[in-house]
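Enquirer: Here are the chains, one letter per residue:
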Amino acid sequence: MKNDIDIDITIPSHTRYLRMVGKIGEKVAQEIDCPEGIRETLSSQLAIVLTEGLVNAIKHANSADPDKEIHVRINVSNKNLVVRIYDNGVGFDLDAVPSPSFASGEIEDKGRGIFILRSLMDTVRYTRSDDGNVLEMRKNLP
Amino acid sequence: MDIKTEVTDGVSVLFIREDRLDANNSEELKVELRRFYESGTKDLVIDLKEIHFIDSSGLGVLVSGYKNASTSHGTLKLSNLQSQVKSMFELTRLHRVFDIFTSVDDALQSYR
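Residue numbers (the numbering used here), protein chains in the order written: chain X, 1 to 142; chain Y, 1001 to 1112.
The reader is advised that the hints may include incorrect statements.
One side of the interface only, derived from the structure: several residues of chain Y facing chain X at Cβ under 7 Å [what the hints assert, rightly or not]: (1) 1011; (2) 1022; (3) 1024; (4) 1056; (5) 1059; (6) 1092.
Please keep in mind that the hints were generated in silico from the structure rather than gathered at the bench. Just so it is clear, CB atoms sit at the ideal spot from N, CA and C, and this is done for glycine as well.
Bound-form chain Y, shown alone (with noise of 0.2 Å):
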């Protein structure tokens, strides 16, 4: 999975450079999300913005990293959902456990 990591104001932001999050490459980003936070990260924004489909493996794999971060006493939010991910966010009700913000940008306000 092709994965580029920024850090800002200690905020790690991880873009993730593919079309799909899938059963196929879901659990690369599952053992990602997990290292981050055993590594003594806290917070954390994952941007989709090249993603335009996901499917249930890969909302799985959002909220295994959510849960990565309550344990951890972190944060995970997301930025640029694409209009599939959002509908699949809504169908499934996930868009009210996660902090879901419309860039990058407003994602790292947040945490100032």
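So that you can see chain X by itself, here it is in the shape it has in the complex (with noise of 0.2 Å):
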């Protein structure tokens, strides 16, 4: 069976619609053409790797601004997963993102979203640009 899905989402930047996201992830991976095991972990893994995504998009890219819209396309082929989230907002610089510190004395609150995405996805890039920005993350399929 060939793998050949394409959504497209439009929702305000607000955190309310994460759940309804995230749900509309895990769907769509459960109808990936894969064994079953590997279907499961990647229903859990899409799910949040739209949350993380969307996340990073309200509250730094668009700075929190209800106003504003966020664009996700959800591509399935038989290569690859891909999520591309696309805000209109001042963006961030991904590159200056520091992973966490895992020394026990240091553990912060904050900051483990990226390190979230590069750990679960194969490439994370985020590109800027005047027309709007785009995170990019994609993951080889077996």
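Put the two chains together into one complex, using the hints given.
Expert: Written out as structure tokens, the structure is:
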């Protein structure tokens, strides 16, 4: 069976939509043609990746402005799963985000979101332009 | 956020009655935890049995609570982590920071 799914979602820039988009992601992953165990893991991972990517767009890129919109695209092909999250805010510098410290005396309550994306996805890239910014994350499928 | 609080043997147990702890609701828990420790509570167990999804904001709030506890020379322990929550703790290595129990009873037992 061929994997060929393309989902487009536009939402206001607000955290109340995290649940909905996460659920959509889970449902999409459950339709991917691959072994069931892998599908379950992908479903869970896609939900968290969408949530973390959206929170970044809402809080950092869009500076928590609820009048802004966020556009999400989820593509599944036989080769990979691609998630793109588009914001039209000021953006942020992905490369400037450090990994959280794992030293027990120094645990921080912030900063794990990008680390989680980088851990779960094969590539994570944020591109800024005058027309808008996009966080693109790819995961190769088995 | 729907939270039920019980006190057993001087230990407060917070039962979080939500299925998600994420950027949309975690700030409320952060405030609640800070309030607990500022009011003199020393020992707190958070039961996460109903939480089936946690994101980095949720993790951050638990860390914030842990730091409040440390500052007050108190403790914050966790119980009943479901599978997605466990995975997120392991991914971020927070399972090495917190005392985590499989039940509220076991968590309370650790204080005796």
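Enquirer: Against each hint, give a clear statement of whether it holds in the structure.
Expert: Hints, one by one, checked against the model:
no.: 1; hint: 1011; result: 23 Å, violated
no.: 2; hint: 1022; result: 6 Å, holds
no.: 3; hint: 1024; result: 4 Å, holds
no.: 4; hint: 1056; result: 4 Å, holds
no.: 5; hint: 1059; result: 6 Å, holds
no.: 6; hint: 1092; result: 5 Å, holds
Hint compliance for this structure: hint 1 is the single one not met.
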